[in-house]
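Participant: If you read the sequences in order, they're chains R and L.
Counting from 1, one number per residue, gives the positions in the first sequence under my numbering.
Counting from 1, one number per residue, gives the positions in the second sequence under my numbering.
Think of the hints as simulated: they come from the structure by calculation, not from any bench.
Treat each hint with caution, since some may be false.
The list cannot tell twin chains apart, which means a pair is met if one copy fits it or any two copies do.
Derived pair list, reagent style DSS-like, types lysine-lysine, alpha-carbon separation capped at 30 Å [unchecked claim]: (1) 7 - 141; (2) 54 - 11; (3) 96 - 34; (4) 7 - 128; (5) 11 - 67; (6) 54 - 34; (7) 24 - 141; (8) 149 - 67; (9) 67 - 54; (10) 96 - 149; (11) 67 - 24; (12) 54 - 24; (13) 43 - 54; (14) 43 - 67.
On a predicted model such as this, the values are computed, not experimentally measured, just so you know.
Protein chains: 2
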Amino acid sequence: MIEIERKFLVKNTNFKAQATNKTKIVQGFLNTHKARTVRVRIKGDVGFLTVKGKTSESGLSRFEWEKQITLNEATSLLNICEPGVIDKIRYEVQVKNHTFEIDEFFGDNQGLIVAEVELNDENEAFEKPSWLGDEVTGNVKYYNSQLSKHPFCNW
Amino acid sequence: MIEIERKFLVKNTNFKAQATNKTKIVQGFLNTHKARTVRVRIKGDVGFLTVKGKTSESGLSRFEWEKQITLNEATSLLNICEPGVIDKIRYEVQVKNHTFEIDEFFGDNQGLIVAEVELNDENEAFEKPSWLGDEVTGNVKYYNSQLSKHPFCNW
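Make a model of the complete structure from these sequences and hints.
Facilitator: What follows is the structure in C-alpha cells.
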C-alpha cells in the first residue's frame, strides 16, 4: 500500500479542544535506514509492526505495510530496538472531510508537535485549521525514525 | 522465544538420500545489523517475517520472533530489502530424535552447504551423521544476513 501524507508543524495547542480521540504511543525502530524503516509500536493496548519504504521523489508518498501484533510481542520487540524510544500522545482532529493526526512528543522530543493529514492523491485540497503551521512534508529530520536518533532537544 | 541452535558445515551431499522434506527458500533482509536482523522469507508458497536479536555470549542462543504473512506481502517486502537476496533449498533430515535443517545455497553463495540442529538446551547431546563437518556455530560470516552482503563467492 502506498500512503500519501502531508506533514505540518503545529503552532499552538488549540487543536486539543477539537480532538475526538487521544492515544498514548510508544515506539521504537528495528531499522531507521531511509530506504526501509521497521517500526515497533504500542498504541493504547495494541501492538503494530510497520515497514516503510523510501519516500517518492515528490516527498509525498511512501510504501507502507503494517501488521497488528500482541502487546506482549511488541514489548519483546521493543527490547531489541535501536536506542531512542519515542513517547508521544496522538490526537485525532476532524476538519471538514479530513482527519488530522497530531503528535505531541515527550521525553527528548518534548516541545515538538506535528500534524499529518492523509490524502487520496498528491493534489487533493483540504481545509487548513488556524493552528496549522509550516509544512515539513518530506523533511527527513521530522521522521520519527530520525527523531529517535536525533531528538528535538538536540536541534 | 529464545532459539538454541548449533550450525555445521556439510562435507558432501549424501544427506540428500535421507531427506524427508525439500523446500525452496528465497529471502532478503530489511536489516542486517547483528543486534536486530529483520528477515523476509518466501518458503514454498508461504511468507514469513522474522526478527532476530543478538546472539548470547555462548553464541548458541538468540531471541527470535516470527510471523506468517502472505506470499503477496512477502513479495512486496522483498522489493524493498537490502541488495543481496538469498536463494537456497532446505532439506530436512531426521537423525535419531533430532531434525537437521540443511541449506544448499545457490547464486552468489553456490557451493556452500550448512546444517543446523535445534536443541532444547545448550548441553543437549545429539547423534552426528557422517556428512556433518566442522562446527561454525556463532561464526557471524555464516549468518544468512552476512551471506547476503558478503557472499561465499567472494570469500
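Participant: Failing hints, ascending?
Facilitator: 3, 5 and 10
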